[in-house]
Amino acid sequence: EPEVTQTPSHQVTQMGQEVILRCVPISNHLYFYWYRQILGQKVEFLVSFYNNEISEKSEIFDDQFSVERPDGSNFTLKIRSTKLEDSAMYFCASSDAGGAVGNTGELFFGEGSRLTVL
Amino acid sequence: AQTVTQSQPEMSVQEAETVTLSCTYDTSESNYYLFWYKQPPSRQMILVIRQEAYKQQNATENRFSVNFQKAAKSFSLKISDSQLGDTAMYFCAFNTPNFGNEKLTFGTGTRLTIIP
Chain A
39 EPEVTQTPSH
49 QVTQMGQEVI
59 LRCVPISNHL
69 YFYWYRQILG
79 QKVEFLVSFY
89 NNEISEKSEI
99 FDDQFSVERP
109 DGSNFTLKIR
119 STKLEDSAMY
129 FCASSDAGGA
139 VGNTGELFFG
149 EGSRLTVL
Chain B
16 AQTVTQSQPE
26 MSVQEAETVT
36 LSCTYDTSES
46 NYYLFWYKQP
56 PSRQMILVIR
66 QEAYKQQNAT
76 ENRFSVNFQK
86 AAKSFSLKIS
96 DSQLGDTAMY
106 FCAFNTPNFG
116 NEKLTFGTGT
126 RLTIIP
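Taken in sequence, the protein lines are chains A and B. Each residue of the first sequence is one higher than the one before, counting from 39 in the working numbering. Each residue of the second sequence is one higher than the one before, counting from 16 in the working numbering.
The set of hints was computed from the structure by calculation and includes no laboratory data. Any given hint could be a false lead.
Listed next, the in silico DSBU-like pairs over lysine-lysine satisfying Cα-Cα at most 35 Å (straight line) [as the list claims (entries may be wrong)]:
id, chain 1, residue 1, chain 2, residue 2
1, A, Lys95, B, Lys88
2, B, Lys70, B, Lys88
3, B, Lys93, A, Lys80
4, A, Lys121, A, Lys95
5, A, Lys116, A, Lys95
6, B, Lys70, B, Lys85
7, B, Lys93, B, Lys70
8, A, Lys80, B, Lys85
9, A, Lys121, A, Lys80
10, B, Lys85, A, Lys121
11, A, Lys80, A, Lys116
12, A, Lys80, B, Lys70
13, A, Lys95, B, Lys70
14, A, Lys95, B, Lys85
15, A, Lys116, B, Lys85
16, A, Lys95, A, Lys80
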């Protein structure tokens, strides 16, 4: 069964360093997302991406964050200068919804990338 | 803004028993979807069940069913004949249809443990 894959599963970095989290969405999906979950808190929407541009972003997704789909398969989240509060589990997700009748609204999630900023 | 509240941080039940997880939400929208996602330890979140707000009939998926009370903005999940594999974090989530842009609002989750 097709699934969303994420790498790395865990990354430890020093504050101020740049981090790139990678995701391979399900191949026929059109929308791509990043969510994050700080330990003990709820899963929060960061950004959605469609047709090679950001569809929507949350207030969390400030200038230190960027997303890119550099080729036909990968979808990346870059954090330019990490802060301690960026420590979290980052989830990539994808969906095949196109707004047509019968849109299921289902997201398919990866297993997450745990980022630890020291 | 939409909010989703799960008031039970942790629950545990004996195997084969029935358990109900609570979820309430707040929205001014009339058309929306509600979901329960399951996150087993060290595994990805998977969709358990989905309910469209315009449907009055409660959704069911095998041992999983919901009690959707639209006026009360309540969306509880019932797991019948619970199994050890049901041990997981369960998240209630909400979104409004937006041409495929599935921006979910999650609750804080309920950690469910099934005891052998």
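- Holds or violated: are the alpha carbons of lysine 121/A and lysine 95/A at most 35 Å from each other? holds, 19 Å
- Message: Need the status of pair lysine 80/A, lysine 70/B: alpha-carbon distance at most 35 Å?
- Response: It holds: about 27 Å lies between the C-alpha atoms, which stays within 35 Å.
- Restraint status (C-alpha distance of lysine 95/A to lysine 88/B at most 35 Å): holds, 26 Å
- Query: Is the straight-line distance between the alpha-carbon of lysine 95/A and that of lysine 80/A 35 Å or less?
  - Reply: holds, 17 Å
- Is lysine 93/B close enough to lysine 80/A, meaning Cα to Cα at most 35 Å? It holds: about 21 Å lies between the C-alpha atoms, which stays within 35 Å.
- Message: Just to be careful, I want the Cα atoms of lysine 116/A and lysine 95/A compared with a cutoff of 35 Å; is the pair within it?
- Response: holds, 14 Å
- Query: Are lysine 116/A and lysine 85/B close enough, with their CA atoms no more than 35 Å apart?
  - Reply: violated, 40 Å
- Quick one, are lysine 95/A and lysine 85/B close enough, alpha carbons at most 35 Å? holds, 28 Å
- Item | Pairwise hint evaluation, lysine 116/A against lysine 80/A, where the allowed Cα distance is 35 Å at most | holds, 21 Å
- Taken at face value, is the distance from the CA of lysine 70/B to the CA of lysine 93/B at most 35 Å? Holds, because 18 Å separates the two Cα atoms, which is no more than 35 Å.
- Message: Against the 35 Å threshold, does the CA-CA distance of lysine 70/B and lysine 88/B hold or violate the hint?
- Response: Holds, at roughly 14 Å.
- When you check the alpha-carbon spacing of lysine 121/A and lysine 80/A, does it fall within 35 Å? holds, 19 Å
Checked against the numbered hints given earlier, the structure breaks hints 10, 15 and satisfies all the rest.
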